[in-house]
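Engineer: Line by line, the protein sequences are chains U and R. The first sequence begins at 1 in my numbering and counts up by one. The second sequence begins at 1 in my numbering and counts up by one.
Below, a list of computed lysine-lysine pairs in the DSSO-like style, where the Cα atoms sit at most 27 Å apart:
1) U:Lys44 <-> R:Lys113
2) R:Lys93 <-> U:Lys38
3) U:Lys44 <-> R:Lys103
To spell it out: a stretch of chain U is covered by chain R in this simulated footprint if at least three of its residues, at any positions, have a beta carbon under 8 Å from a beta carbon of chain R; those stretches are:
4) 33 to 46
5) 99 to 109
Since the hints were derived computationally from the structure, they do not count as laboratory data. Each residue gets a CB set at the ideal place from its N, CA and C atoms; glycine is no exception.
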Amino acid sequence: DAMVIQNPRYQVTQFGKPVTLSCSQTLNHNVMYWYQQKSSQAPKLLFHYYDKDFNNEADTPDNFQSRRPNTSFCFLDIRSPGLGDAAMYLCATSRVGSPTEAFFGQGTRLTVV
Amino acid sequence: GESVGLHLPTLSVQEGDNSIINCAYSNSASDYFIWYKQESGKGPQFIIDIRSNMDKRQGQRVTVLLNKTVKHLSLQIAATQPGDSAVYFCAEKGKEFTGGGNKLTFGTGTQLKVEL
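Assemble the whole structure, with the sequences as input and the hints as a guide.
Structural biologist: This is how it looks when you write it as structure tokens:
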């Protein structure tokens with residue numbers, strides 16, 4: 001039944017070692033988002049895709065990159081994770097014409113050691 | 001700049017009572033305000049939204065009130081149940097992206113605890 005699926009649920013990576021988080025969706029939505037959510041804080045938008053068009057938020061560090069090879073899949077790459085990048089990473093989708101309802105995955109909890 | 005904030009970090013209510021979660025916003029230009037629920041270990045889930053030209057909207061057991069004069073948003077949950085225990089975020093719909101999609105700016109969240 002899950003419509004936005006994130007893998008893995010938990011990821012431990014070493015300081016400075018590249019890591020990739022993945023997201024897939026069965027909703028066929030054009031728009032996909034990546035949010036970062038630190039402990040007890042609100043989700044913060046990193047970037048989004050409309051189809052294959054990538055859009056970065058102005059304050060998203062260069063350390064964060066993303067790929068969307070097709071409609072269903074989207075990846076978050078962290079090139080050199082720092083301790084401050086430990087967070088929950090949330091993938092979401094939305095349908096064009098539905099401005100307020102985003103469908104979130106369960107998130108990947110990233111720990112940097 | 002845009003900001004959406006909440007008054008209380010934690011709200012405890014007895015099962016069966018009504019809950020009221022409050023939120024203040026600063027961006028008067030936003031045309032939608034939204035409430036999301038986030039259960040432990042899960043992603044946020046859409047609850048209800050309200051357009052800025054409305055002052056009240058009702059859903060199933062939930063009511064959202066918007067007071068534009070004081071830039072205040074509230075979520076009322078009737079007959080609160082244990083399954084309502086979660087963090088509740090208010091959010092505002094921000095700029096529309098070229099092609100499609102919208103930026104959602106979330107507030108800091110209120111933890112709702114339902115006591116049996």
